[in-house]
Structure formats: structure tokens, C-alpha cells
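Student: Now for the letters of each chain:
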Amino acid sequence: MSVMTKKRPKNLDLTTIKLPVPGIVSILHRISGALLFLIGIPLLLFTLQSVMGNPSDFQIIQTLYDNFLIKLVLLTILWSFLHHFCAGIRYLLLDMHIGIELAGARLSSMVVLAVSIILTILIGVKLW
Amino acid sequence: MVKRVIVGAHYGLKDWVIQRVSAVVMALYTIVFCLTALINNKFSYQDLHQIFSNRFVKITTLLFFISLLLHAWIGIRDIFMDYIKPTSLRFLLQVSVIIALSGYGIWALLILWS
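Line by line, the protein sequences are chains A and B.
Counting in my numbering, the first sequence runs from 1 upward without gaps.
Counting in my numbering, the second sequence runs from 1 upward without gaps.
These are calculated hints, taken from the structure and not from any lab test.
Quantities reported herein were computed from a predicted structural model and do not represent experimental measurements.
Heads up, a few of these hints could be off.
Said to hold, decoys possible - Pairs of lysine-lysine residues, derived as DSSO-like cross-links and limited to a Cα-Cα distance of at most 27 Å, are as follows:
1. B:K42 with A:K71
2. B:K85 with A:K18
3. A:K71 with A:K7
4. B:K14 with B:K85
5. A:K126 with B:K85
6. B:K14 with B:K3
7. A:K7 with A:K18
8. B:K42 with B:K58
9. A:K6 with A:K18
To be verified - Partner residues are not named here, just some residues of chain A that face chain B (Cβ under 7 Å, in silico):
10. L35
11. M52
12. W128
Claimed, not checked - Residues of chain B clear of chain A, computed beta-carbon distances all greater than 10 Å:
13. D15
14. L68
15. L70
16. I84
17. Y104
Beta carbons: idealized from backbone N, C-alpha and C, even for Gly.
Please model the complete structure; the sequences and the hints are all you need to start from.
Tutor: Encoded structure:
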């Protein structure tokens, strides 16, 4: 019984604890997924609609997407997609028991973070 | 020791499978689309318009959207189940998401075949 009531060390001080990198990738996977639902899907449909419409529709979104603020939104969605994509592949591999050891899981989460940011910059530069 | 009979209820196995299958479908579609567009450098209105006028592309794009809507539904529902505790609010939000996603599906269908 003494074991049950034993005081265990507890640290919930948010200034001294931090989320490990796999945890950061996990919460970003959720946030990016929410962004893709809220902005990504309507944006994708809007863009596809203008591609399937007549050339003047396409002209309108081209000028619209030239706007600096809209470019920032597009860049955010691009990152959301790339992060969600890379993290998703990592989860599929984890499901197949690939890279489930601590060191491997930590490394792959860092790779996901880095690759999605680098690809966002590369594609962003190429598009503009 | 809790003896839980796990036959009958599937504890979300179906959703778990749908989430992964839809992810693979979308990933394959995206990779093939991006690679062909990048290799052939087809980004102009004429190129894209022509690509999406092809019936095979239309059908695979619709399959992509079906996967997307199922995937989005399971993902958003999981977020609501984790953070939205009042049942009435969660119900309202979930119904709104289902209506929105159904609308997006109809929109995609109309874009592709009209």
C-alpha cells in the first residue's frame, strides 16, 4: 500500500518541459491537416474550377495569386501540404514497424521537419 | 483484470484503414501529377485545361477527391473528439463539416463534368 501512496516526482512546469521533436511533428501534422481542410480544399477546388473554365477565369486567379498576402496564404498551404505529406509517409512507415526505435523515430521526425521546409522554399522560389 | 470482448465492435479499425488507404491514393495521384507536370513543364492554362479534359484524368481526379473527403472527415472528426467536449457543440460542428464536405464533393463533380 505504501507503494501506491508514494510521492512520485512530478514536473508540469511549462517553462522547463518541452515537446520532443516527434511530438512537434505530430501536432504540426494535426495543425497542417486542419489548415488543409479549412483553406486547402476550397482553394484547390477554386483553382481547378478556373482551370476548367475559360481563359479569362484563369486570368483572374493569376492576378489574384500575384497579391502578396495571397502568396503568403498559398505558401502556408504549400507548407501544410508538404508537412502533412511527409509526416503521413513517416506514419505509414511506423505502421509497418519501420523506424520505431527511439533514435530512428527521432531522426525521421527531424527529416520530416527539414524536408518539408526545404521543399516549401524550393517550390516557393520556383513558383515566384 | 478487465475482460473486454473485442469481437463485434471494431473500435475504429475501419476508419483507421480508410485513413491510410485514402492517404496512399492521394499520395500516388499527387506524385504522378506533379512529376508529369514538372517533367513536361506543363503549367500554362492550355496545358492544364487539356490534361483535365481527358476522361481518365477526370475519373482519377474524382477518385482523389473521394479519398480527400473521406480522409478530411476522419481527421477533422478526430480533432473534434479530442478537443470539443460538449456533445451538442461537437454534434453541430460534425454536422457542419459533413455538409461542407458533401458540398465540396458536389462542387468537384460539377467542375469535372460540366
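Student: Take the hints in turn and mark each one as holding or not.
Tutor: Now the hints, each set against the structure:
1. Of the supplied pair hints, the one linking B:K42 and A:K71 holds, its CA atoms being roughly 21 Å apart against a limit of 27 Å.
2. With a CA separation close to 26 Å, the supplied pair B:K85 and A:K18 stays within the 27 Å bound.
3. For a cut-off of 27 Å, the pair hint linking A:K71 to A:K7 is broken: about 54 Å separates their Cα positions.
4. For the hint linking B:K14 to B:K85, the alpha-carbon distance of about 24 Å falls within 27 Å, and the restraint holds.
5. Taking the CA atoms of A:K126 and B:K85, the gap is about 44 Å. The hint is violated against a cut of 27 Å.
6. At roughly 23 Å between alpha-carbon atoms, B:K14 and B:K3 fall within 27 Å of each other, so this suggested pair holds.
7. Taking the CA atoms of A:K7 and A:K18, the gap is about 23 Å. The hint holds against a cut of 27 Å.
8. For the hint pairing B:K42 with B:K58, the CA-to-CA distance comes to about 17 Å; that is within 27 Å, so the pair holds.
9. For the hint linking A:K6 to A:K18, the alpha-carbon distance of about 26 Å falls within 27 Å, and the restraint holds.
10. Because the beta carbon of A:L35 sits about 11 Å from the nearest beta carbon in chain B, more than 7 Å, this interface hint is broken.
11. Contact between A:M52 and chain B, as hinted, is supported at the beta carbon level, the nearest pair being about 5 Å apart and thus within 7 Å.
12. Given the 7 Å rule on beta carbons, the hint for A:W128 is violated: about 13 Å separates it from the nearest Cβ of chain B.
13. For B:D15, the requirement that its beta carbon stay farther than 10 Å from each beta carbon of chain A is met, with the minimum near 14 Å.
14. In this structure B:L68 is not separated from chain A by more than 10 Å, as the shortest Cβ-Cβ distance comes to only about 7 Å.
15. The non-interface label for B:L70 is consistent with chain A: the shortest C-beta to C-beta separation is roughly 12 Å, beyond 10 Å.
16. Chain A leaves B:I84 outside its interface by the beta-carbon criterion, the shortest separation being 13 Å against a cut-off of 10 Å.
17. Non-interface status of B:Y104 relative to chain A is broken: a Cβ of that chain comes within 10 Å, the nearest being about 6 Å off.
Comparing the model with each earlier hint shows violations of hints 3, 5, 10, 12, 14, 17; every other hint is respected.
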